[in-house]
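Student: Protein chains in written order, with this note's numbering: chain A, 1 to 270; chain B, 271 to 617; chain C, 618 to 903.
Any given hint could turn out to be false.
Claimed, not checked - Mimicking EDC-like on lysine to aspartate or glutamate, the simulated pairs with C-alpha atoms at most 16 Å apart in a straight line are:
(1) B:LYS328 / A:ASP92
(2) B:LYS272 / B:GLU548
(3) C:LYS651 / C:ASP711
(4) C:LYS898 / B:ASP495
(5) C:LYS898 / B:ASP445
(6) B:LYS328 / A:ASP126
(7) C:LYS691 / C:ASP656
Rather than coming from a laboratory, the hints here were simulated on the basis of the structure.
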Amino acid sequence: MSDGDSGNGRQPGDADERPRVAFFDFTGCEGDQLQVLNLEDRLLDLVEVVEIVSFREAMTEHSEDYEIAFIEGGVATAHDERRLTRIRTHADTVIALGSCASFAGINALRNDQDFERVKERVYGEDAHRISSYPVARPIDDVIDVDYEIPGCPIDREEFVQAVTALVNGAEPTIPNYPVCLQCKFEENLCAFERGETCLGPITRGGCGATCVSEGTHCWGCRGMVEDPNEDAYTAVLEAHGLTTEEILDEYQLYWGFEREQRAVADGGES
Amino acid sequence: MKIIDRSDFTALISELIAEDPREVVGVQADGDGYVFDSLESASDLAFEYDLTRLSPKKYVMPQRETLLTYRRDAGAADYEMRAEADPTGRIIVGVHPYDLAAIRQLDKIFIDTLHDEPYRRKRENSVLIGLTMQDVADTCFAASMDTASIESGYDLMVTELDDEFAVDIGTFEGDQLLESVPTRNATSEEIDRVETIETDLEAEFERGLDFPPAELPSLLEASYDDMDFWEAYAEQCLSCGTCNVVCPTCFCFSVDMVRELDGDSGRQERRWDGCLLEDFATVAQGENFREEVAQRHRHRFMRKGWYIYERYGDIACVGCGRCTAHCVAGVADPCEVYNELREAQHA
Amino acid sequence: MRSHADPQFARGEREYQPVEGQIVWVETYTDDDKLFVIDLPDGIDLDHEPGQFVQLFVPGVGEAPFSIASSPTKDGPFELCIRAVGNVTNAIHDLESGDTVGIRGPYGTGFDVDALAGEDLLFVAGGIGLAPLRSIINYALDRPGEFGELTTLYGCTEPAEQLFPDELAAWADSPIMDYHETVDGVPAGQEWDGNTGVITSLIPPLDFDPATTVALVCGPPVMYRFVIKSLRENGLPDERIYLSLERNMHCGRGLCGHCQLNELYVCLDGPVFNYTTVRDKEEAEV
Numbered sequence: 001m002s003d004g005d006s007g008n009g010r011q012p013g014d015a016d017e018r019p020r021v022a023f024f025d026f027t028g029c030e031g032d033q034l035q036v037l038n039l040e041d042r043l044l045d046l047v048e049v050v051e052i053v054s055f056r057e058a059m060t061e062h063s064e065d066y067e068i069a070f071i072e073g074g075v076a077t078a079h080d081e082r083r084l085t086r087i088r089t090h091a092d093t094v095i096a097l098g099s100c101a102s103f104a105g106i107n108a109l110r111n112d113q114d115f116e117r118v119k120e121r122v123y124g125e126d127a128h129r130i131s132s133y134p135v136a137r138p139i140d141d142v143i144d145v146d147y148e149i150p151g152c153p154i155d156r157e158e159f160v161q162a163v164t165a166l167v168n169g170a171e172p173t174i175p176n177y178p179v180c181l182q183c184k185f186e187e188n189l190c191a192f193e194r195g196e197t198c199l200g201p202i203t204r205g206g207c208g209a210t211c212v213s214e215g216t217h218c219w220g221c222r223g224m225v226e227d228p229n230e231d232a233y234t235a236v237l238e239a240h241g242l243t244t245e246e247i248l249d250e251y252q253l254y255w256g257f258e259r260e261q262r263a264v265a266d267g268g269e270s
Numbered sequence: 271m272k273i274i275d276r277s278d279f280t281a282l283i284s285e286l287i288a289e290d291p292r293e294v295v296g297v298q299a300d301g302d303g304y305v306f307d308s309l310e311s312a313s314d315l316a317f318e319y320d321l322t323r324l325s326p327k328k329y330v331m332p333q334r335e336t337l338l339t340y341r342r343d344a345g346a347a348d349y350e351m352r353a354e355a356d357p358t359g360r361i362i363v364g365v366h367p368y369d370l371a372a373i374r375q376l377d378k379i380f381i382d383t384l385h386d387e388p389y390r391r392k393r394e395n396s397v398l399i400g401l402t403m404q405d406v407a408d409t410c411f412a413a414s415m416d417t418a419s420i421e422s423g424y425d426l427m428v429t430e431l432d433d434e435f436a437v438d439i440g441t442f443e444g445d446q447l448l449e450s451v452p453t454r455n456a457t458s459e460e461i462d463r464v465e466t467i468e469t470d471l472e473a474e475f476e477r478g479l480d481f482p483p484a485e486l487p488s489l490l491e492a493s494y495d496d497m498d499f500w501e502a503y504a505e506q507c508l509s510c511g512t513c514n515v516v517c518p519t520c521f522c523f524s525v526d527m528v529r530e531l532d533g534d535s536g537r538q539e540r541r542w543d544g545c546l547l548e549d550f551a552t553v554a555q556g557e558n559f560r561e562e563v564a565q566r567h568r569h570r571f572m573r574k575g576w577y578i579y580e581r582y583g584d585i586a587c588v589g590c591g592r593c594t595a596h597c598v599a600g601v602a603d604p605c606e607v608y609n610e611l612r613e614a615q616h617a
Numbered sequence: 618m619r620s621h622a623d624p625q626f627a628r629g630e631r632e633y634q635p636v637e638g639q640i641v642w643v644e645t646y647t648d649d650d651k652l653f654v655i656d657l658p659d660g661i662d663l664d665h666e667p668g669q670f671v672q673l674f675v676p677g678v679g680e681a682p683f684s685i686a687s688s689p690t691k692d693g694p695f696e697l698c699i700r701a702v703g704n705v706t707n708a709i710h711d712l713e714s715g716d717t718v719g720i721r722g723p724y725g726t727g728f729d730v731d732a733l734a735g736e737d738l739l740f741v742a743g744g745i746g747l748a749p750l751r752s753i754i755n756y757a758l759d760r761p762g763e764f765g766e767l768t769t770l771y772g773c774t775e776p777a778e779q780l781f782p783d784e785l786a787a788w789a790d791s792p793i794m795d796y797h798e799t800v801d802g803v804p805a806g807q808e809w810d811g812n813t814g815v816i817t818s819l820i821p822p823l824d825f826d827p828a829t830t831v832a833l834v835c836g837p838p839v840m841y842r843f844v845i846k847s848l849r850e851n852g853l854p855d856e857r858i859y860l861s862l863e864r865n866m867h868c869g870r871g872l873c874g875h876c877q878l879n880e881l882y883v884c885l886d887g888p889v890f891n892y893t894t895v896r897d898k899e900e901a902e903v
């Protein structure tokens with residue numbers, strides 16, 4: 001990699017060569033951006049390889065001159081849609097940061113509930129002031145998204161790998177193996193053996209099975225693997241005594257939007 | 271065969287923990303099960319365990335390990351690339367015969383045949399202290415796979431006899447280990463007793479292959495095209511790869527790029543992978559040579575009972591029962607699958 | 618590439634150690650295909666058989682296997698023809714002359730040129746499948762008299778997919794090799810005055826002698842399935858057909874398992890196989 005003009009030969013020390021990066025937040029808890037701030041010491045390394053031009057949680061400056069946009073949160077309003085479209089025209093690369101941006105995540109919990117009641121429950125007397133779409137959507141429902149970093153919150157190391165991939169001229173990748181695999185690496189006692197249920201067998205891995213390692217179970221926050229055998233998994237849950245309604249509850253916490261899309265793609269079966 | 275007092279054996283392990291530069295690991299209780307883990311005290315050793323969650327394979331072929339590092343100085347043009355082979359050996363205490371059989375198979379592949387340096391260095395720096403089984407997991411069928419006892423593949427093989435241990439010395443290094451503690455030669459009665467323990471153990475197994483494992487290759491070859499059979503199993507399979515990664519003889523891996531945040535350095539890491547996972551046999555242009563779950567499911571059973579035999583002469587299922595114990599869908603059991611195939615063939 | 622004077626190589630201890638290669642030339646053939654000419658440090662010769670592959674490592678990006686596209690009869694740098702179809706290959710396409718890469722290998726079983734001596738060779742390539750075959754086509758052209766009659770058939774989906782255009786022109790004029798090409802179709806805006814139709818349409822007119830001909834086939838599964846069928850229909854015995862298969866090797870050394878084809882390891886037993894070895898293997902997709 002001798003010459004600086006080669007795609008792979010970017011000189012990270014050279015300020016002119018650093019890709020310009022912006023962070024944006026939409027409907028979500030901003031926990032994914034917090035994960036970026038939680039890089040702490042490594043943040044200094046991060047700004048050596050990228051120039052951060054916009055990051056509301058960390059700085060007051062803002063610029064519209066950026067190449068890579070990290071977008072946290074889902075789409076809830078017409079304003080969100082307009083703003084996303086504008087970001088897409090500025091950015092060469094758009095990356096969904098976290099589960100709400102990637103597949104609507106926990107926001108989609110409300111999608112199959114009565115919208116007026118949802119508003120009332122959350123905002124009480126101020127419910128009438130809320131002008132939101134009745135359905136929560138991920139950002140790729142509005143604009144083209146190049147890459148996703150799922151998770152609730154995101155895995156910091158996965159974020160670092162995505163940034164360094166782009167800096168090196170490679171593409172960010174996420175695993176298509178389930179949480180179960182990494183859970184076995186960790187030698188955890190299976191949540192099922194503890195008498196709990198767990199979405200690990202069909203949830204996308206890459207988190208290091210953190211939740212099971214910490215003594216709880218997988219909630220499915222990274223979305224489903226690409227081709228989950230949902231029927232077989234439903235049978236497993238039934239065998240562990242869950243009712244159809246309880247199984248749906250498990251699936252809907254993070255996967256509401258994803259499962260609806262999958263059902264449409266499968267020709268309307270659900 | 272030597273006999274060593276319980277107190278002397280405990281003293282030996284304590285001495286190794288205190289004096290040997292290598293980490294001493296052994297079987298310990300962990301919640302509702304057992305694991306191989308670092309030993310802080312000889313008293314933590316579990317002698318009457320049934321099955322550990324992972325096999326000691328993890329010490330010679332870890333879940334993740336670095337194969338290559340690369341770096342360049344900031345602003346420099348060329349990278350320095352260096353193959354790495356972590357040489358860390360360990361003293362591994364309490365290995366059951368089926369797990370010793372598995373490591374013996376891996377030695378043949380990784381050391382004798384294909385010269386894998388990261389494996390070889392860890393393996394050759396390690397000591398294996400085997401332990402005769404005293405308890406049998408519900409899912410285990412090692413006796414029928416001829417791996418419930420073993421004649422080689424260990425440095426020392428220990429059998430618990432009341433307040434003493436019978437110790438069979440397998441290697442020079444094992445012999446050296448015993449030098450610091452008092453031992454005496456076993457009497458012929460004691461040798462007989464060890465044999466009786468091994469023989470009696472066979473009756474403890476509630477399940478087993480209904481036929482000699484040597485017949486597996488031809489049975490599997492004949493069953494390859496029985497897609498109805500494989501599909502019926504695959505219908506319930508979650509394709510999660512658990513059966514692969516808990517197996518003591520599975521050795522497939524992926525190589526992943528892990529970059530440091532400085533952008534100028536990083537490593538190539540190998541990580542356990544599994545042929546049940548959807549993308550395992552996919553090539554860059556998107557073609558997947560085992561696209562269906564049934565094909566992947568079948569591949570695993572073929573590999574265990576036939577393919578590895580073709581290449582290395584070993585049946586790659588040692589009957590430990592881990593895949594059966596860990597599969598939440600209940601479709602990973604080689605004993606059940608092989609017996610069903612055999613029954614169908616003779617029906 | 619192994620220097621046997623180096624005891625660590627001889628003991629196989631440095632099998633994951635790449636040699637530093639330098640890209641000395643990049644040729645763009647199509648939107649997706651480029652040729653990379655790679656030079657190894659002084660004193661290190663790749664020393665490959667036609668049909669073997671290397672693992673190419675790009676720091677910060679990753680590693681992937683590629684069949685060697687140049688003949689061992691060619692001195693100096695070796696060549697890889699790489700199609701940008703995924704993460705690693707897309708990033709490789711950004712590399713330029715002067716960049717360094719890591720090279721491991723050569724690995725695998727290539728074409729057995731000794732066993733092929735004296736035979737008439739019929740090369741049948743589909744699309745990017747020409748790259749692995751080019752190593753033995755050029756080997757045969759460089760060693761006149763070692764083989765019998767030489768014939769190459771090359772099929773692409775469209776004219777713009779063709780690789781090595783200068784060489785194709787030279788082959789068409791070659792007095793020692795018969796060369797035929799075809800495209801499946803000609804999209805608007807592309808020029809073509811040659812054959813159109815699938816590659817199998819080139820086989821019956823050849824009138825080759827099945828007793829003295831050996832076919833060497835490389836391309837995607839959908840192509841080689843039909844090519845093999847046609848060759849057999851035209852009387853070529855199974856044992857006179859060789860094919861080079863593509864799989865996703867991670868280690869290149871018979872361990873990682875990704876390239877396994879039934880009980881075979883493509884990285885050790887292949888990538889070049891006699892058809893009789895794989896004809897009954899479901900996963901060969903023949």
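Student: Next, verify each hint and record whether it holds.
Tutor: Against the structure, the hints come out as follows:
Among the hinted pairs, LYS328 of chain B with ASP92 of chain A is inconsistent with the structure: their alpha-carbon atoms are about 43 Å apart, more than 16 Å. For the hint pairing LYS272 of chain B with GLU548 of chain B, the CA-to-CA distance comes to about 51 Å; that exceeds 16 Å, so the pair is violated. At roughly 10 Å between alpha-carbon atoms, LYS651 of chain C and ASP711 of chain C fall within 16 Å of each other, so this suggested pair holds. Simply put, LYS898 of chain C and ASP495 of chain B have alpha-carbon atoms about 11 Å apart, close enough for the 16 Å limit, and the pair holds.
For the proposed pair LYS898 of chain C and ASP445 of chain B, the alpha carbon gap of about 49 Å is over 16 Å, so the pair is violated. This hinted pair does not check out: LYS328 of chain B and ASP126 of chain A have alpha carbons roughly 57 Å apart, beyond 16 Å. This hinted pair checks out: LYS691 of chain C and ASP656 of chain C have alpha carbons roughly 12 Å apart, not beyond 16 Å.
Figure legend: structure checked against the earlier numbered hints; hints not met, in rising order: 1, 2, 5, 6.
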